[in-house]
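Colleague: Protein chains in written order, with our numbering: chain F, 41 to 198; chain W, 404 to 599; chain Z, 211 to 704.
Hint data in this document are derived by calculation from the structure and do not stem from the laboratory.
In this text, a Cβ means the ideal position worked out from N, Cα and C, and glycines have one as well.
Keep in mind that the hints are not guaranteed to be accurate.
Which residues of chain F face chain Z? A partial, calculated answer using Cβ under 10 angstroms [as the list claims (entries may be wrong)]:
(1) 114
(2) 117
(3) 122
(4) 126
(5) 139
(6) 141
(7) 144
(8) 150
(9) 155
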Amino acid sequence: MLGQYLPIVFLIVLAFLFAALSFFASRLLAPRSPNDKKEAPYECGIIPGREAPERFPVRFFLVAMIFIVFDIEIIFFYPWAIAHGEMGLFGLIAVLVFSLAVFESFVYLIGNGALEWGPIRREAQTGDVVSATRTTSTTVSRAGIRQVGLEGRTGGDS
Amino acid sequence: MEVAVFIVSAVVVLSGALGVLLARNPVHAALFLVQTLFGVAVLFVLLDATFLAAVQVMVYAGAIVILFLFVIMLLGVDRADDLGIEPIAGQRPLAAVVGMSLAGLLATVLLVAVDGLTGAPAGTPIGDAGDNTRRLGEALFTDMVFAVELTAILLTVAVVGAVALARRLSGPMQPLPVVAIAEVDDDPDEATGDDS
Amino acid sequence: MIAALTTPYVAWWALVPLITFAVAGFLLLTVASLVRRLPAVLAPAWTAVAGLGVLLYLVPMWSRVGRDGADSFLAGTVGVDRSSIFVTGILAVAVIAAALISRDYLPREDLPGVELYVLLLMSAAGGVVMASANDLIVLFLGLEILSIAVYVLAALHLRRIESQEAALKYFLLGAFSSAFLLYGIALVYGATGSTNMVRISAFLAQNVLVDDAMLLAGLGLLLVGLGFKVAVVPFHAWTPDVYQGAPTPVVAWMAAGVKAAGFAALMRVFVLTLGTYVSDWRPAFQVIAAATVLAGAVVAVVQTDVKRMLAYSSIVHAGFILVGLQAATDRGNSSVLAYLAVYAFLTVGSFAVVTVVSGTGDASHGLDAYRGMGRRHPALAGVFTVLLLGQAGIPFTGGFVVKLGVLAAAVDGGAYWLAGVAMLAAAVAAFVYLRLLVAMYLEEVPSGTETSGAVPLGALVVAVASAVIVLVVGLVPGPLLDLARDAVPVLVAG
């Protein structure tokens, strides 16, 4: 009875073998002549004491959330798929309502650009970025503090 | 055959659990967790609980550990915490006591249980391995169909909430509470954009 | 050959309120995702129309249940009786009010608009589920839909750090209390062998448990879990912070809608399902009710922030409702429902006024903002006066009528001491409202406070309508009390 899971075991063994072979092959084939300079993270400047804190785009959080939600949806599909024959139309409608509701959240995500990974779209800017009436002196007087050299930069004065 | 599978998967589960505790690198700890959860899935298969095994692999080993990894990456993999500092005084001895009592409790339950360990199934099985997922599906989509549909609403609320809270607003934020009264609505540049 | 299963019977007519709220939320979400720029008035109007539609639909539903009796369907997981219709009505009113208040609030605060209404509709759907659940699992799911939506709603003022703080506190404590509730459900299931409320009550009526420790533990955990949601002492600690930080229209919904759904759930679980154990849970309810009214009233007196003041006063109200609930009689139940209805109007009206007074930034909630309001905004101050007197329970307001109802139910059940404590607390709490009234009428406008502009229409409509209804109920209490008397909660098997 457990024999039906043999292919899975076989796959796992295969995966392990592949990983082990890759490591072995890279050690065998790659030329390796390390020295202190090469091991250092940078070849000039001060050796960093610790990793700099990284800023993480909040989109990763969204992707993780979406992943969890659709993962849970899949879990509901599995027992339905096994039993759909007995339940007939009722089960089909039930699962359709369910998936429609979850698919709805997908539409919302797309509509809100939660899955857009291109360059960040700026809000439409009113007027020219570089206006003819703006000079260094007007910029300084407008902001009230010394703030020069902003001409030509996009989004610097929002 | 079953005994052999049980022993192998028990070794996998326990070594994974030990690995989670002993691994210095948090990423390695998370990967050991995958190993443990996968071993538990094999144990579920051994118990004919195929649906639980699938859930174990898909949700726990798949999604939950991915979330763990995500948080680890977010906080920085290489950041070493000084383990010498106790955030809560006396938590280690307390944890030891609690762990010991839990182990003692489990051992007591095993010893006091009516017939001890017999290896016999606890109840009469309602079907074979292929059958129980089908029965579960039937129960879910007939008796509990209302709860299933409610789950869909719940998931949608979660997605809407996640997106709504992760959104970046244009325009000024409010100052921190201390100065909240002094300068409210002082900014002439404030955008009046409605929705983005 | 595949044998067809018997599929459960669905009484679609009884599901219409739930479906209306949920589908309205989904449709709004879809339209907002597909159309870039919606007219700002669409979402609040849509939400209010959905609430109004539900409210109108409840009329034929009410008479149908009166004619045919209560019903249970979807394999006995959902039931419809007049009490669930009554609570659905309260929820619909709260949704309409919150939508109207938000209409002017969101543009004023420069916040993006659609999610608030979507989450409002979804959490209303969750509340409807709670009010008509016949199964503990379904009850839990309804509670989670309601709560998770409200956690997000509390954080929706993305420009205020206090809003996020409030949401975080609410989320952590709420998740904790949900765990208590779930564990309680598990223990009750272990003790009785079912999560279906009808089957649990039948089991407890026909069997005497030799060892009921597990059931009692489960009962206690259920009380903790639901007590958190309705904010009774000692599970009230989140209330003032969350009310203070959350966007004010959301607070109106939290105070009116969430509380109504929470008490409906308490009624279904304790009075109906665990009614045979009334002698076990009644003492706990009485102690909690007494502690809630006293602690809420005393702490409310020393507050200087009006939103915190109203938060503690909502705790006092929760205690009063519990005073009626612990009687576990038909009279007690109807007094609870009547109280919830009047309290919903009192609270949405009050928070509508608070929204207007708080000004841009939703920040000025101190007593200072209210000083001299009688001269600056005579109409608004007058409306607020009626609402505050109603909250205090002054005769000729709806607040008096319903307070009398719960006290009478308690005296009926022989809980004289509890009624005495509640009256004492009402006297203390009256001081809170008096203090606000004194600030509005007798104190001078502090220099530097300019008169704020015109009162936005949505909030004004809500405040005036609530004040009128509170007055009408106070003068002619008959219709509401008759409705509440007819709204008997019952459990029927599917």
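Colleague: Give a verdict on every hint.
Modeller: Hints, verified against the model:
{"no.": "1", "hint": "114", "verdict": "19 angstroms, violated"}
{"no.": "2", "hint": "117", "verdict": "18 angstroms, violated"}
{"no.": "3", "hint": "122", "verdict": "12 angstroms, violated"}
{"no.": "4", "hint": "126", "verdict": "5 angstroms, holds"}
{"no.": "5", "hint": "139", "verdict": "13 angstroms, violated"}
{"no.": "6", "hint": "141", "verdict": "7 angstroms, holds"}
{"no.": "7", "hint": "144", "verdict": "5 angstroms, holds"}
{"no.": "8", "hint": "150", "verdict": "7 angstroms, holds"}
{"no.": "9", "hint": "155", "verdict": "12 angstroms, violated"}
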